[in-house]
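Line order of the protein sequences matches chains W and X.
Going by the numbering used here, the letters in the first sequence line up with residues 1 to 279, in that order.
Going by the numbering used here, the letters in the second sequence line up with residues 1001 to 1255, in that order.
Simulated from the structure, these hints should not be mistaken for lab results.
Be careful, since some hints might not be right.
Said to hold, decoys possible - Computed, partial: chain X to chain W, Cβ under 8 angstroms:
id: 1; residue: Ala1003
id: 2; residue: Arg1005
id: 3; residue: Asp1006
id: 4; residue: Val1016
id: 5; residue: Ile1018
id: 6; residue: Ile1025
id: 7; residue: Leu1027
id: 8; residue: Tyr1029
id: 9; residue: Val1099
id: 10; residue: Leu1103
id: 11; residue: Ala1105
id: 12; residue: Leu1116
id: 13; residue: Leu1118
id: 14; residue: Val1120
For glycine and all other residues, C-beta sits at the position ideal for the given N, C-alpha and C.
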Amino acid sequence: MSSQGRIEPVGVAAPRIQPAPGPRRSTMAALRRHPAIARLMVLAALFLLWELAARWWIDPDFLSPPSQVLASLGELFETQGVPAALQITLWELAVAFAISVVIGLAVGLTVGLSRFSNRSFMPIILLLYGTPQITILPLFILYFGIGSASKIAFGVSHGVFPIIVTIVAGVQNIKPILMTAAHSMGASRWQIFRWVIFPHMIPSFFAGMRLGMTGVLLGVLLAELYVSTAGIGYFTTLFTQNFDPTKLLGLVSVLAAMAIALNETVRRAEVYFGRWRTD
Amino acid sequence: MSARRDRRDRRLSRGVQIGFLLGLIALWYFGTAVWGINQILLPNPINVWHELEDVIRSGEFLPDLQVTLTEVAVAFVLSCTSGVTLGYLISRSHYSIRVFEPLLAGAYSVPIILFLPLYVLFFGLGPWSKIALGTTISFFPIALNTIAGFGYVDRIFITAARSMGASDFQMFRYVLLPAALPVILTGLRIGFTVALLSILGSETIASLAGLGHRIVHLAEAMETPRMFAYIAFAVVIAALLNTVVTSLEQRARRR
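This is chain W alone, in the form it adopts within the complex (with noise of 0.2 angstroms):
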């Protein structure tokens, strides 16, 4: 009330009090502008739930304790096997995805640049690209053995539709006018496929490129895992066997930070490589 009648000066902003920004507030702040730490912190939280259920709840037996995972990482990798297998399964995945990458783009080419193989063979292409091939899993073993040439094969059966799709999607996409454009002004078809369809496939190829990415290590790594007499596949079983997690998520964690590392390089070449295309 007794500041009802006091004459405020003009143009001056009263003093605002800030409240004193205690520890406990401040951190809350950043968590607030900093999701990524949340996240971090979130991650955390599992790792460290993960510990301690390892620790005083679970059977041995059957999970460990993420500290004592990576402890022994060093001795998974003395086993005898494990690394020349991770290494046989990371040249497949390479080679699995050269293979893809080259038949998808020939066939993505032939098939997206023309109209009518547009047309007829697109269907067969969908109709391939729908069905399980797990199913067929056991044939390629049968037909191309036990070796890395099955399981080079079964990524490639993997990888191959989804780059084919994208590629016929991006071609198809482009802008009718800037063909009709470049076809006016009297370009030749090397031409127009150098500067027109090139640069405007090179997004949906690494578009493409990712995806067969996934599907390359879904493929290989079924086979693997489908093959227990060799390779990771009997690695795995061996480690379940006997009853050896440590062992187990030591090498599914080795493998999937393999997948993590090899998807992220083709999304980050997706980015890097999409990024003139504004629109």
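Fit chain X to the given chain W structure using the hints.
Frame of chain W, contents of chain X only:
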């Protein structure tokens, strides 16, 4: 003129498609019957057809089909309830979306098939390891799409409903749900498909029963014609289920 050419082109590409498929089958037939490819590697299509007839007539497929379908059903129910619930809770605030969505999307980019050996260790070779894998794989698209559905409802709808005095329930029933439903349904469809595929796959890798198990069993016994028959059967079942789910999605969307 152009319409007629268009129609002719269409008929021609139909012809190419049919010719392609017929050519494949003819190649298969001649390869096995005339050029003498080993019957264990590639059985004669006529043999396969007879085996398929036998499999269906004798009803031998029923126990395996039942196991696979039960696993898929349980996994799908589990991932639906957990995925939609968690997705809804996360979508309640922008902050929690920003915290949790990248976590889920990151986990989804790991090939989840890698969990299978762990699940076999935890749950054994029986159906539960397959259910666990199917649930894990289908959880992510369902949760992510639920977040996308509820989390990105146009602000203007919410403000309008609030200013007209909508209660929480009314808000959910008449604003949030109709806006989010199409996206969630897509998530459910994708979740169902990946659950089916991963369960077939994990049955192939390590199991005691199911369609995938049967195919592997026949492959190891070198009974290739029957294996081909079962593969054809499994592919048809998968295609049928996917068609049913897609049409259910379309119908629910139209409401």
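Checked hints:
1. The beta carbon of X:Ala1003 is not positioned within 8 angstroms of any beta carbon in chain W (closest approach about 15 angstroms), and the interface hint is therefore violated.
2. Checking X:Arg1005 against chain W by beta carbon gives a least distance of about 11 angstroms; that is not within 8 angstroms, so the hint is violated.
3. Look at X:Asp1006: its Cβ only gets to about 10 angstroms from chain W, farther than 8 angstroms, so that hint breaks.
4. Satisfaction of the interface hint for X:Val1016 is found here, the shortest Cβ-Cβ separation to chain W being roughly 4 angstroms, below the 8 angstroms cut-off.
5. Given the 8 angstroms rule on beta carbons, the hint for X:Ile1018 is violated: about 10 angstroms separates it from the nearest Cβ of chain W.
6. Proximity of X:Ile1025 to chain W is violated relative to the hint, the smallest CB-CB distance being about 13 angstroms (cut-off 8 angstroms).
7. The restraint placing X:Leu1027 at the interface with chain W is violated, with a minimum CB-CB distance near 15 angstroms, outside the 8 angstroms limit.
8. Against a cut-off of 8 angstroms between C-beta atoms, the interface hint on X:Tyr1029 is violated, since the closest Cβ of chain W lies about 18 angstroms away.
9. Using the Cβ-Cβ criterion of 8 angstroms, the hint placing X:Val1099 at the interface with chain W is satisfied: the shortest such distance is roughly 5 angstroms.
10. Taken as an interface hint, X:Leu1103 checks out: its beta carbon lies about 6 angstroms from the nearest beta carbon of chain W, inside 8 angstroms.
11. With a least beta-carbon distance of about 11 angstroms to chain W, the hint placing X:Ala1105 at the interface is violated under the 8 angstroms criterion.
12. Hint status for X:Leu1116 relative to chain W: holds, with the closest Cβ pair at about 6 angstroms, below 8 angstroms.
13. Interface restraint check: X:Leu1118 against chain W, minimum CB-CB distance 6 angstroms, threshold 8 angstroms, status holds.
14. Annotation: X:Val1120 was flagged as interfacial toward chain W, and the flag holds, the nearest CB pair being 5 angstroms apart, inside 8 angstroms.
Taken one by one, the earlier hints fail for this structure at numbers 1, 2, 3, 5, 6, 7, 8 and 11, listed in ascending order.
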